[in-house]
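Line by line, the protein sequences are chains A, B and C.
Number 294 marks the last residue of the first sequence (the UniProt record's numbering); no jumps.
Number 253 marks the last residue of the second sequence (the UniProt record's numbering); no jumps.
Number 294 marks the last residue of the third sequence (the UniProt record's numbering); no jumps.
FYI, nobody ran anything at the bench for these hints, they're computed from the structure.
Just so it is clear, CB atoms sit at the ideal spot from N, CA and C, and this is done for glycine as well.
A hint or two may mislead.
[Said to hold, decoys possible] For lysine-lysine, the following DSSO-like pairs were computed, each having C-alpha atoms within a straight-line distance of at most 27 Å:
#1 A:Lys2 <-> B:Lys167
#2 B:Lys121 <-> A:Lys2
#3 B:Lys78 <-> A:Lys2
#4 B:Lys121 <-> B:Lys197
[Unchecked claim] Non-contacting residues of chain C with respect to chain B, defined by C-beta distances greater than 12 Å in every case (computed):
#5 Phe139
#6 Val172
#7 Val179
#8 Val181
#9 Gln189
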Amino acid sequence: MKRSEKIITNSVKIAGSSSILFILLIFVFLVREGLPALSEVSLKDLFSGRWYPIEDLFGLLPLISGSLVVTFTSILIALPLGIGTAIYIGEIAPKNVKEILKPTVEIMAGIPSVVLGFIGIQALSPFLREFFNLPTGLTALSGSILLAMIAIPSIVSIAEDALYAVPNSYRDASYALGATQWQTIWGVVLPAARNGLLTAVMLGIGRSLGETMAVMMVTGNAATTFSGLKSVIMPVRTMTATIASEMGEVASGSVHYHVLFFIGIILFIFSLIINISSSTVQGKSKQERGQVIS
Amino acid sequence: MTEPKIQIRDLYLRYSDGKEALKGVSLDIQPNLITVAFGPSGGGKSSLVKVLNRLIDLSDVDEMRGEVRMGDLNILGKDTDVVELRRRIGVVFSRPIPLPLTIFENVSFGLEVAGMRDKKKLSERVEQALREAVLWDEIYDRLDDPAASISGGQQQRLCLARVLALKPEVILLDEPTSALDPVSTAKIEEFLETAKKDYTILLVPHNQQQAARMADKAAFFLQGELVEYTDGESMFINPRDKRTQEYVQGRFG
Amino acid sequence: MRRYPEPKESRFGITRQQSQKIGFSFIRLISLITVLPILGIIVYIIVKGGSHISWEFLTSMPSDGMRAGGILPAIVGTFYLMAGTALFSIPLGIAAGIYLSEYAQDSYWTRFIRVAIISLGGVPSVVYGLFGLGLFVLFCNFGISILSASLTLSIMTLPVIISTTEEALRSVPYRFRVVGVSLGGTQWQTITRVILPQALPGILTGIILGLERAVGETAPILFTGATFYLPHLPSSPLDATMALPYHIYVISTQVPGMSSGVQYGTVLVLMVFVLGMNLIASLIRSRARAKRQW
Ligand SMILES: Nc1ncnc2c1ncn2[C@@H]1O[C@H](COP(=O)(O)OP(=O)(O)OP(=O)(O)O)[C@@H](O)[C@H]1O
Ligand SMILES: [Mg+2]
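Sequences and hints are given; from them, build the entire structure.
Dropping the structure here:
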């Protein structure tokens, strides 16, 4: 091999491996800035129920609980809507409707979360306040609804792929047994697409858990711990919102600063678990080569 | 007898799926003749073609040994400049595969990657190659059209032209007419007849008639073995080996 | 496979055809619920923001504590961030995509790379913000700057560009590579002269979608490059900058007595940015599909 070709090959290989470097760098810097929290705040305090940094109270439970409540509720909303829409696009919709629906969902994926947050403040929260007759519309539910809108596009597209991957022969076999299309969807297609749908849900959870701006803008940001169903229509504060709203005001190197990074570590690990476990990392099959010479 | 252009000694090739495609083949390919390599499917003809210009490097190979020489050049050598080798030994595939470029660019591609920049020189070589492949008159006014826009027969001659543009010493053709109509096939065959005075040609024919028509020398491959290698005429009129007889007379395969 | 009962009457005394009808209506309703809010939001923003858009608004500095005047510095800042992100992420992303598609063997290292890419794609945006703060702002001492923010956004954008590049390259038939090499091209020459041009529309689409996401993000630039207010345009990559998404966050939560005209106008400008890029991406895609030769 010529020298120039070798240099190119090596540079391309380095570029290809850069992702490994970056994910490691992220981990290293989170740990570097976040791990000191463990020596500065005792584990017991860290996992206590009060987040009040001004008095050096760094209990993460309310934040974790807030993230979970918001995420869980959002998935309850996004799941039926997302998978239902995927079923409609993939199995039922006529072609022209499909051609409107798909780009709309794509556009939905592109709407910046800060825009959704803005709409949340302007329209959604006032509506919820009236509807539930609340003192404030800035609640977990508001955040969950916005999060659902953010999670839906990825759920739809992954679920759609999963449905698409079900071989048509399954459907034909079902029709041959006299099933209606509806029975086929429920009895054959959905079960066959089970794994893909599960991936869709997992990644939806990942998106919701990591989302920041929309949630921060509409959830009221009160660090309260889950206390029954009512929590859903009360203000909460998520882990992401806490980082986003407080990092700007802390002195770098302070305990508070380290704890915010520590929250970052928790989020990072959550996201790793969700993304790696829901993706089947197989070596991509070598490209279909066909027979060029045979 | 003249010095052979390519000398193959005990060539053995096994793919990584365990298939032995060539089991110790020895063969001298003579210059200025058409050597036809024929035989039933799976005999190793295409594998031989791939070895000769080292396209075999793109396949998953378990083991390859033996010796293949062109003059002083050790074709199988680890340090052999394969890029240079492929310029000297061109190949035409069984179906036309124009690159997704214009007609002109298809022919100039090999020259340009070889470092030729001069626009005028490029044009000259392209025209020359297209004329040689008997294509120029049909497409001289469409050189900037996509190569995919011409007919299949024309495409195959284009593929021939882009090999000729490199002024190769050897041309390998692996069933070059298998996707073509009789008229296009005839054009390719005519070309080969006139071109053999300038080149060394190895042809894998797409049927036995073509083999018999074209062969100056013929090599019969059966399951990785070179069963018989002789003059074209003796091969098809009076084969010595029993297996060749059976195949040539259509009793198996 | 399940057998379906023959009799026309099924559960609840409705026929299978009727239950299919009900089911389909239900799914249709779900899709409507999914899509309508998005269309509603877009129309709403256009109506409320459209009247505020003027040359003046786009090209002048904010005034009266951002309650009036234009949003020029936010627009310019968003352009700078996009350019910076493009500068770093495009070459690296394309090179990495080429490596994965053309050079990588199916080895453990390659799988490791794929895991890293998947992980990068799942890291929450606010965690990217933390990482950028730790690495670029503090460790590299780039400060809160366009440079830090662009680098942070680049790494966030990278997985999108890498995966789309790889996909686009893989969709180019293998036979062209064999032909290129058979004519004496090196692997790299064949890639750059034949394969890459064919994959270009797909790659461009990926780049645009990646940048679209970067442009709309707030959390990653929150502590790495964005600033509340800048009385002049940034003059060097080491300056902090205003940016549309952050500006929306600021004027919808941090400034009391904001005029809703400015708010909706700003939101509309960001949406035009984002949806415009989306539109360009789909135009490229459909045009390329029509022109393709294979
Ligand atoms: N890339 C490959 N990987 C593994 N095995 C291969 C590969 N190419 C060919 N083979 C096997 O090697 C043997 C010889 O194949 P080859 O293509 O050389 O035969 P051929 O004489 O050209 O046949 P045909 O007349 O069908 O073109 C066959 O058994 C084939 O299955
Ligand atoms: Mg063959």
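Status of the hints after comparison with the structure:
no., hint, result
1, A:Lys2 <-> B:Lys167, "22 Å, holds"
2, B:Lys121 <-> A:Lys2, "25 Å, holds"
3, B:Lys78 <-> A:Lys2, "13 Å, holds"
4, B:Lys121 <-> B:Lys197, "25 Å, holds"
5, Phe139, "44 Å, holds"
6, Val172, "8 Å, violated"
7, Val179, "5 Å, violated"
8, Val181, "7 Å, violated"
9, Gln189, "5 Å, violated"
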